[in-house]
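A.B. asks: Add chain B to chain A, keeping to what the hints say.
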Amino acid sequence: MISVALIAFAGFAVLCLAMDRHFSELLGRKPGPGQLRLLRCAGWLLLALSLAIAMHLRGWAHGLVEWIAVSMAGVTLWVFGMPYQPRLLLGLAAISLVLGPALVVVR
Amino acid sequence: MKEGFRQAMAWLHTWTGLIFGWLLFAIFLTGTLSYFKDEISHWTQPEVRRHALDPVASLGLAQRYLEANAGHAESWMIRLPNAREAALEVSWREPGSGRRGGVSKPLDAHTGQPVEVRDSRGGEFFYRFHFQLQMPHPWGRWLATFCAFIMLLGLVTGIITHKKIFKEFFTFRPGKGQRSWLDGHNAIGVLVLPFHLMISYSSLVIFMYMVMPASIMASYGGSTEGYFNDLFGREEVPKVANAAAPLVPLASLYAQVQQQVPGAAMGYVQVYNPGDRNARVSFTQAAADSIAYQRSATWMFDGATGQLLTQGAPESATMMTAFSVVGLHMGNFAGPWLRWLYFVFGIAGTAVIGTGLVMWLGKRQLKHAKRERLPGELRLVEVLNIAGMSGLLLAVAGFFWANRLLPMAWSGRADWEVNSFFLVWLAALVHAVLRPGRKAWGEQLALGALAFALLPLLNGLTTGQGLNHSLVAGDWAMAGFDLTALGTGLFLAWAAGKMLRAPKSRAKRAPGAPKATIDSAEVSG
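Residue numbers (our numbering), protein chains in the order written: chain A, 1 to 107; chain B, 1 to 525.
Chain A extracted, bound-state conformation (with noise of 0.2 Å):
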């Protein structure tokens, strides 16, 4: 459940990054043409991935339950702890997307 975790997490970082707002504000430019559409995407996907990973793993109740619940917990996380560590939670998020997948491949 820890690489569902890690990838709901990531997928809602990858998310954060898709506004405007935020993209400039953590990464200090401004974003790229199309690439907020990319991140936006990839967001969704890793969010999707991730509950598709639980469900694999813990079965469609369990899984549901559970990929709720680690990605409230990992979204209430990133949004208050934004403010305050952005860069920590930047490279948390980076790691998770290495992390994460790598879990579920090494079970």
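Treat the hints with care, as some may be off.
Claimed, not checked - Listed next, the in silico DSSO-like pairs over lysine-lysine satisfying Cα-Cα at most 30 Å (straight line):
id, chain 1, residue 1, chain 2, residue 2
1, A, Lys30, B, Lys164
2, B, Lys167, A, Lys30
3, B, Lys163, A, Lys30
4, A, Lys30, B, Lys176
5, B, Lys167, B, Lys363
Said to hold, decoys possible - Listed next, with one range per pair, are the computed distances between beta-carbon atoms:
id, chain 1, residue 1, chain 2, residue 2, range
6, B, Asp415, A, Arg21, 51 to 61 Å
7, A, Ile95, B, His137, 34 to 44 Å
8, A, Pro33, B, Glu377, 49 to 59 Å
9, A, Leu57, B, Pro262, 53 to 63 Å
Calculated from the structure, these hints are not laboratory results. Heads up, the beta-carbon is just placed ideally off N, CA and C, and yes, glycines get one too.
C.D. replies: Okay, now just chain B, sitting in the frame of chain A:
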């Protein structure tokens, strides 16, 4: 026209939120505590020791104890120890003692001997308060259910009022006074919305038989008992034959169930007419095994022959839906990490209500920032905010302190723990009336910080099961309680520090800062 609608919803959100806010805060906080009901009970009754789980041995011990001490009872009930509850709980009903009368004893899961525990309601108190509000039956349930309806209404009206739900989905701007409070209120409300919606809707489902009884009355007349018997698939048990027949070893029946459903954990075992030819034994699967309550997961045996008679009736799709919704609310299925998330989301729900109450006052106080004292109605809200939030936290701490400090042999000890809870709450109300707003907040939070942070020390001194013991012994329920109390204490100390520190120059924070608004409260005291 659209703006008019949104304004109407905002009005509804504001005023129902204010009137029911304090009650909802208490319901959410005690409900959140109830996710750790068993762990709290373990802390409040530290005499019960934890052992490795061995259901077969436990059943044997329980049967031996009950045969020796309750041979003539009408029925027995055995609750097997599980990962969260250490005791092997046995209870029985003497013939003719009625539905409610019964004796209950916690046994040590290793020796099978009764454990002398201190009289305490433990987690059960917070759990009951959560939906009965310490009111006579059925009024507390009605009020709590109505509050659930208001919460659901608050969520829906809140979503309608919130203009930029997607645009500001990831937005939290701290250090900006009133703006930050609104951001926080919105963000916790929106990000944890699935939990909030689930919890308030499922509360209505739990008590739907009470709220919308028409269909039950139409089919079952005045008796809801028939409805529940059908719903839960309760079996008729034959009368006593008055012919002695030894009860088969319960462990052998347990083995039969394990053959059918390998690895199923058993929640409790009931024995009717023990020692009689018409003895019946029913096994019920532990609630931790599935999200929904499963009436099919029960097995009824003939207690004299050991033959499997019936298995619980399968659920219809409708039943499954309702049972799942209820199961999600209770969270019995949740393992340790999911239980912690339930706890965190419960606190989030409590925080949404708390921030709402603070904002209601903050906004209105601004208009009176220059005046000597607050108008009476705002002062009333301020006092209720303080007593309803920090006062309630003090009351919770008071309950735990009473649990450790009241003499063990006192009769009515458990009642006095509950009385302590309400007396501390009352004292907090009086304190909030007497002290100016900001000071009252600060002092109560500071006292709360001390009361919670010192609980682990108090536990160690009075029971010898402090953190130095529980962490080494791997008693995670005990250690988790102490560490959570310590964490709560630190959080309250941080909050108290913010309140007690002299607010920075007013000019700097002037427009819309809650600090400035609380200044005015200080003057008003």
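A.B. asks: Hint by hint, which ones does the structure fall short of?
C.D. replies: Hint check: 7 and 9 fail, others pass.
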